[in-house]
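**Q** Quick mapping for you: the protein sequence lines, in order, are chains F and L.
This note's numbering numbers the first residue of the first sequence as 1 and each following residue consecutively.
This note's numbering numbers the first residue of the second sequence as 1 and each following residue consecutively.
The set of hints was computed from the structure by calculation and includes no laboratory data.
Keep in mind it's a predicted model, so treat the numbers as computed, not measured.
Even glycine gets a Cβ: it sits at the ideal position worked out from N, Cα and C.
Check before you lean on any hint, since a few could be wrong.
[To be verified] Computed list of lysine-lysine pairs in DSS-like fashion (alpha-carbon distance at most 25 Å, straight line):
1. Lys101(L) x Lys103(F)
2. Lys69(F) x Lys58(F)
3. Lys69(F) x Lys115(F)
4. Lys49(F) x Lys9(L)
5. Lys22(F) x Lys58(F)
6. Lys49(F) x Lys103(F)
7. Lys101(L) x Lys69(F)
8. Lys22(F) x Lys101(L)
9. Lys57(L) x Lys103(F)
10. Lys22(F) x Lys115(F)
[Claimed, not checked] One side of the interface only, derived from the structure: several residues of chain F facing chain L at Cβ under 10 Å:
11. Asn41
12. Phe63
13. Gly100
14. Thr104
15. Phe106
16. Phe113
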Amino acid sequence: AQSVAQPEDQVNVAEGNPLTVKCTYSVSGNPYLFWYVQYPNRGLQFLLKYITGDNLVKGSYGFEAEFNKSQTSFHLKKPSALVSDSALYFCAVRRTINTGGFKTIFGAGTRLFVKA
Amino acid sequence: DSGVTQTPKHLITATGQRVTLRCSPRSGDLSVYWYQQSLDQGLQFLIQYYNGEERAKGNILERFSAQQFPDLHSELNLSSLELGDSALYFCASSVTHRGEKLFFGSGTQLSVL
Numbered sequence: 001a002q003s004v005a006q007p008e009d010q011v012n013v014a015e016g017n018p019l020t021v022k023c024t025y026s027v028s029g030n031p032y033l034f035w036y037v038q039y040p041n042r043g044l045q046f047l048l049k050y051i052t053g054d055n056l057v058k059g060s061y062g063f064e065a066e067f068n069k070s071q072t073s074f075h076l077k078k079p080s081a082l083v084s085d086s087a088l089y090f091c092a093v094r095r096t097i098n099t100g101g102f103k104t105i106f107g108a109g110t111r112l113f114v115k116a
Numbered sequence: 001d002s003g004v005t006q007t008p009k010h011l012i013t014a015t016g017q018r019v020t021l022r023c024s025p026r027s028g029d030l031s032v033y034w035y036q037q038s039l040d041q042g043l044q045f046l047i048q049y050y051n052g053e054e055r056a057k058g059n060i061l062e063r064f065s066a067q068q069f070p071d072l073h074s075e076l077n078l079s080s081l082e083l084g085d086s087a088l089y090f091c092a093s094s095v096t097h098r099g100e101k102l103f104f105g106s107g108t109q110l111s112v113l
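Okay, chain F solo, but in the shape it has when bound (with noise of 0.2 Å):
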């Protein structure tokens, strides 16, 4: 079955520091990836989205994400952390299902601290 795992409960890093919040996939065929993010109080945003062409993709507020399909992994990235990107990070993964209908299927969450 198409799915996503995060192995990660928690990262913790310092203000200036760059972050990767870690995903791995699951999936047959070409995978649709994305990863979401939750702060306090609110629903998911979206950040960014992997479906085909360049590995590294370009998200909103500075976050950037590889696939890399060796390592089945898609991985997010910032260079430089900000307290205010301190939240609940979800990867997702849209899955076919067999009556032609998708559903988008996200991991665990990783929390992410970033630290002053």
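Chain L: place on chain F using the hints.
**A** Structure of chain L alone, referenced to chain F:
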């Protein structure tokens, strides 16, 4: 603001009761998705509607049902509520049924006592 409106924001009820959660999608979006978020289960896909028709079904219990109306708003009905149904219920919308970018509402926090 995502443009997706969910009401009510909070709901407290008792076991065995029935509640209705409401979602208005972004203007122009034809597809509505329902998700349940809890600490132990994470974010679980429940069901998707596109232009009034059910398109995809996830881990939705038989006690739960949903529909999308002609004006594209959607309702999620939860009946015979149990303590374990306490969770944050999100609605999301997208332009197409392909789910390439979802816009989420702020959620309805359901507490079953």
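**Q** Can Phe113(F) be said to touch chain L, with a Cβ gap under 10 Å?
**A** Since the shortest Cβ distance to chain L is 18 Å, the answer is violated.
**Q** Regarding the hint that Phe63(F) lies at the interface with chain L, is the smallest CB-CB distance below 10 Å?
**A** This interface hint is violated because 15 Å lies over the 10 Å limit.
**Q** So if I understand the rule, the pair passes when the alpha-carbon distance is 25 Å or less; does Lys101(L) with Lys69(F) pass?
**A** holds, 22 Å
**Q** Given the hinted pair Lys22(F) and Lys101(L), is their alpha-carbon gap at most 25 Å?
**A** OK: Lys22(F) and Lys101(L) at ~20 Å, within 25 Å.
**Q** Could you check if Asn41(F) really has its C-beta closer than 10 Å to a C-beta on chain L?
**A** holds, 7 Å
**Q** Per the CB criterion, is Thr104(F) less than 10 Å away from chain L?
**A** holds, 5 Å
**Q** Does the interface hint hold: is Gly100(F) within less than 10 Å of chain L, judged Cβ to Cβ?
**A** At 8 Å from the nearest chain L Cβ, Gly100(F) passes the 10 Å test, so the hint holds.
**Q** For the pair supplied as a hint, Lys49(F) and Lys9(L), is the alpha-carbon distance within the 25 Å limit?
**A** The hint is violated at about 29 Å.
**Q** Just to be careful, I want the Cα atoms of Lys22(F) and Lys115(F) compared with a cutoff of 25 Å; is the pair within it?
**A** Holds: Lys22(F) and Lys115(F) sit about 19 Å apart, inside 25 Å.
**Q** With the threshold set at 25 Å, check whether the alpha-carbon distance from Lys22(F) to Lys58(F) stays at or below it.
**A** holds, 16 Å
**Q** Tell me if the straight-line CA distance from Lys57(L) to Lys103(F) falls inside 25 Å.
**A** Roughly 8 Å between the alpha carbons, so the hint for Lys57(L) and Lys103(F) holds.
**Q** For Lys69(F) and Lys115(F), compute the direct alpha-carbon distance and say whether it is at most 25 Å.
**A** The given pair, whose Cα atoms are some 32 Å apart, is violated under the 25 Å limit.
Checked against the numbered hints above, the structure breaks hints 3, 4, 12, 16 and satisfies the rest.
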